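J.: Dock chain B against chain A, hints included.
There are 2 protein chains.
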Amino acid sequence: MRIVKLDESSKKDILDQLLKRSPGHYGAYTETVNAIVEEVRKNRDSALFAYTEKFDGCRLDASAVRVTEAEMEEAYGLVEKELVEVIRKALVNIRAFHEKQRRYSWFDSSENGVLLGQKVTPLNRVGVYVPGGKAVYPSSVLMNIVPAKVAGVGEIVMVTPPGKDGRVNPAVLVAAKEAGVDKVFKAGGAQAIAALAFGTESIPRVDKIVGPGNIFVALAKKAVFGFVSIDSIAGPSEILVLADETADPRYVAADLLSQAEHDEMASAILVTTSERLADAVNQEIDGFLKILSRRDIISRSLENYGYILLADTLDEAIEAANEIASEHLEIMTKDAFTVMTKIRNAGAIFVGEHSCEPLGDYFAGPNHVLPTNGTAKFFSPLGVDDFVKKSSIISYSREALEPIHEDIIRFADQEKLTAHGNAIKVRFE
Amino acid sequence: MRIVKLDESSKKDILDQLLKRSPGHYGAYTETVNAIVEEVRKNRDSALFAYTEKFDGCRLDASAVRVTEAEMEEAYGLVEKELVEVIRKALVNIRAFHEKQRRYSWFDSSENGVLLGQKVTPLNRVGVYVPGGKAVYPSSVLMNIVPAKVAGVGEIVMVTPPGKDGRVNPAVLVAAKEAGVDKVFKAGGAQAIAALAFGTESIPRVDKIVGPGNIFVALAKKAVFGFVSIDSIAGPSEILVLADETADPRYVAADLLSQAEHDEMASAILVTTSERLADAVNQEIDGFLKILSRRDIISRSLENYGYILLADTLDEAIEAANEIASEHLEIMTKDAFTVMTKIRNAGAIFVGEHSCEPLGDYFAGPNHVLPTNGTAKFFSPLGVDDFVKKSSIISYSREALEPIHEDIIRFADQEKLTAHGNAIKVRFE
Chain A
5 MRIVKLDESS
15 KKDILDQLLK
25 RSPGHYGAYT
35 ETVNAIVEEV
45 RKNRDSALFA
55 YTEKFDGCRL
65 DASAVRVTEA
75 EMEEAYGLVE
85 KELVEVIRKA
95 LVNIRAFHEK
105 QRRYSWFDSS
115 ENGVLLGQKV
125 TPLNRVGVYV
135 PGGKAVYPSS
145 VLMNIVPAKV
155 AGVGEIVMVT
165 PPGKDGRVNP
175 AVLVAAKEAG
185 VDKVFKAGGA
195 QAIAALAFGT
205 ESIPRVDKIV
215 GPGNIFVALA
225 KKAVFGFVSI
235 DSIAGPSEIL
245 VLADETADPR
255 YVAADLLSQA
265 EHDEMASAIL
275 VTTSERLADA
285 VNQEIDGFLK
295 ILSRRDIISR
305 SLENYGYILL
315 ADTLDEAIEA
325 ANEIASEHLE
335 IMTKDAFTVM
345 TKIRNAGAIF
355 VGEHSCEPLG
365 DYFAGPNHVL
375 PTNGTAKFFS
385 PLGVDDFVKK
395 SSIISYSREA
405 LEPIHEDIIR
415 FADQEKLTAH
425 GNAIKVRFE
Chain B
5 MRIVKLDESS
15 KKDILDQLLK
25 RSPGHYGAYT
35 ETVNAIVEEV
45 RKNRDSALFA
55 YTEKFDGCRL
65 DASAVRVTEA
75 EMEEAYGLVE
85 KELVEVIRKA
95 LVNIRAFHEK
105 QRRYSWFDSS
115 ENGVLLGQKV
125 TPLNRVGVYV
135 PGGKAVYPSS
145 VLMNIVPAKV
155 AGVGEIVMVT
165 PPGKDGRVNP
175 AVLVAAKEAG
185 VDKVFKAGGA
195 QAIAALAFGT
205 ESIPRVDKIV
215 GPGNIFVALA
225 KKAVFGFVSI
235 DSIAGPSEIL
245 VLADETADPR
255 YVAADLLSQA
265 EHDEMASAIL
275 VTTSERLADA
285 VNQEIDGFLK
295 ILSRRDIISR
305 SLENYGYILL
315 ADTLDEAIEA
325 ANEIASEHLE
335 IMTKDAFTVM
345 TKIRNAGAIF
355 VGEHSCEPLG
365 DYFAGPNHVL
375 PTNGTAKFFS
385 PLGVDDFVKK
395 SSIISYSREA
405 LEPIHEDIIR
415 FADQEKLTAH
425 GNAIKVRFE
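Note that the protein sequences, when read in sequence, are chains A and B.
For the first sequence, the numbering used here begins at 5 and goes up steadily by one.
For the second sequence, the numbering used here begins at 5 and goes up steadily by one.
Bear in mind the hints are in silico, worked out from the structure with no lab data behind them.
Warning: the hint list may mix true and false statements.
Since the list gives no way to pick one copy over another, a pair counts as held whenever it fits inside one copy or between any two copies.
Taking lysine-lysine and the DSSO-like style, the derived pairs with C-alpha atoms no more than 27 Å apart in a straight line are [as the list claims (entries may be wrong)]:
#, residue 1, residue 2
1, K9, K93
2, K46, K429
3, K346, K104
4, K153, K93
5, K168, K123
6, K46, K346
7, K153, K46
If you're wondering where the values come from, they're calculated on a predicted model, not measured in any experiment.
Chain A extracted, bound-state conformation (with noise of 0.2 Å):
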């Protein structure tokens, strides 16, 4: 990896660079996506069909593109019990960790008749898009449920792209039906995301949209964005690790290519301070890409975004972790806790030697959907906030109006809504 000197110019050059995965540079798509959405929502069923014979070439129609429980059950005989078994584990710290965000409604009241709060209610149903292809990940469909299923959600829906021979991938189903799925479609593209948002005769018509996918389908997000609320658009994943002289070079060198074998766009950025440990970290990098089934797209990956950042001092290394707003942060330093609160943009924080990065993919409980390419900064892990809705209560007796009455029509007044001053006033006539 290409070490740097951190300073503000190298750290401007970082940030073009990563963000050229931002879907905002794939503009040559919109269109496109844009046509599919409106024809999907004009000509549902039968125009959902069509694109999946065009794109997934799979001819499907009404009575095949449900998944069935006969489906269902071959799956389980497709996959290994392993398998089935990790999932049910890992499904335990998943589900503990996300009945800890559980929302409640609220109110305050006082003895004059004033009652304030807010009404958290479940979404009604929510829509998980799974890629199909290479990126076959059963893990992100129990991330992209659990905490659907936490919150209350009365139905979850999910579509995935079904293969040219209309079938699924079986490891999916079972994670889906593991976690607790109401209906699976076949499903994929922009066609499968504007058949949640708009319903079409076969899948019903959800009031969210969540899970990952390509840039047709983050597209397609963004277009229902409004008749539907979605989640945060997925980029390629990220891992900065911060660390300093203290930090074992083999794991900083390890975790730094689990997170590059993801994708070719995906990005490993090591911030130190010591020089020492960065050129450690590259000798462990060349040892291990000998030995890992995907060096070619790790390669392609640390060529394009992969660094390693040498700061003076730590805190400047902190800033600069602040500043590239990783999806993924470690922290292999001293007191790595006093570091951690100095954090403000992550995703997720991994915090000492031994919490490396795929242990939250898989097993810690935490959410793996994460904010990515900067967007840490304003956006949040996928959680069980994301499936609920609050509504505001307010609840005034005459007593408590009365006092406040004459107030509040001087501001309607003010304002020139006199219907609004109205409705105070026949109160008090």
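T.: What follows is chain B alone, placed relative to chain A:
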């Protein structure tokens, strides 16, 4: 107002009619807005000032775009003293309610050295859009700024379009100052949204943009979503009153009109089980229309989007309210709190006959920025949650990782991610 029998067919017609107000149908403006956004992104201040001259008829430059301390002081001289007082009174309640929404970082630990949690961090910088022209609402300024202040946002930047004379509405400036704004810039429309999203020489880049605006503003917010976060896209205002024979027709009528006066796209709907109430409300409306200043707007709004729906049972009425998912919902029935428990979809729920909507607009404390146009099915009122974001915290000791490390490797192998497995393996060599 027209009186319609509530059934599946009338409900569908009404839902279709209300959705006609959705920004999704303004497709023609999308290209214009995207072009403005791209231009400001590229040419920054110079593009911003060119559009300000074109759309607002006002020539500005870097020395004049920011509202000065002197202009702020002058604004206090231009508004009535009473307004300042009423703003300060309202602020006390608005702050108190939003303080109760504050979220805290949390963690859970177990004695084998596992610590899991969520770190809550306020956004660094937020942009608040405030419309100019006919819709000048100091109360909206308070409602957008206060939750950001309570959340602990580092810097709050407001933009609002200047008049031809280069001046900004003084009531808006006073409200912003009282609420705690940090900087105010004279900029409006799509160009202001783009300036906030990407930054210009004069206007700092923000992490999130909130605040209502016209169709250009709404489309620009949608265009920059992902580069920054945005609040939900605001639509025309709405009220739905759920009432039985115990309701006072005069209160019901006054409350319906208080929403209808907002603009011609506003919607006011009464759903009732009482035919007698329906007729009495219609009579009261005729009476009020003679005395209200905005009667022309009200008449057009009621003509297009006003309905009295007659339901056979209260449960049917409640179900219709849930399907319409109104921004404001008033309950004027027997056992109003019991009815409230059955409401799943509404921005704000006003319980009981003295809890009229204008109380929520100004004084009670809950936010009046609410989801509109059916989006209460998945969006929430603006609140402190909108101005913070979360990072997962994951810390495992070697002792805690050891017993599960083989499971994690197995899961990674299943997903063919060998570098993920390797990151675990190196820790147990």
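J.: At 27 Å max between alpha carbons, let me know whether K46 reaches K429 within a copy, between copies, both or neither.
T.: Answer is neither: 48 Å inside a copy and 52 Å across each miss the 27 Å cutoff.
J.: Classify it for me, K153 with K46: is the Cα-Cα distance of at most 27 Å met within a copy, between copies, both or neither?
T.: Neither, since 31 Å and 44 Å both go past 27 Å.
J.: Please sort K46 with K346 into within, between, both or neither, judging by C-alpha distance up to 27 Å.
T.: Cα proximity of K46 and K346: none, with 50 Å in one copy and 33 Å across.
J.: Measure nothing new, just compare the shortest in-copy and cross-copy C-alpha distances for K346 and K104 to 27 Å and report within, between, both or neither.
T.: both (24 Å within a copy, 26 Å between copies)
J.: Tell me, please, which holds for K168 and K123 at an alpha-carbon limit of 27 Å: within, between, both or neither?
T.: neither (46 Å within a copy, 44 Å between copies)
J.: Are the CA atoms of K9 and K93 at most 27 Å apart within a copy, between copies, both, or neither?
T.: neither (44 Å within a copy, 54 Å between copies)
J.: With 27 Å as the alpha-carbon cut-off, assign the pair K153 and K93 to within, between, both or neither.
T.: For K153 and K93, the Cα distance is within 27 Å only inside one copy (17 Å; across copies 42 Å).
Hint compliance for this structure: hints 1, 2, 5, 6, 7 are not met, and every other hint is.
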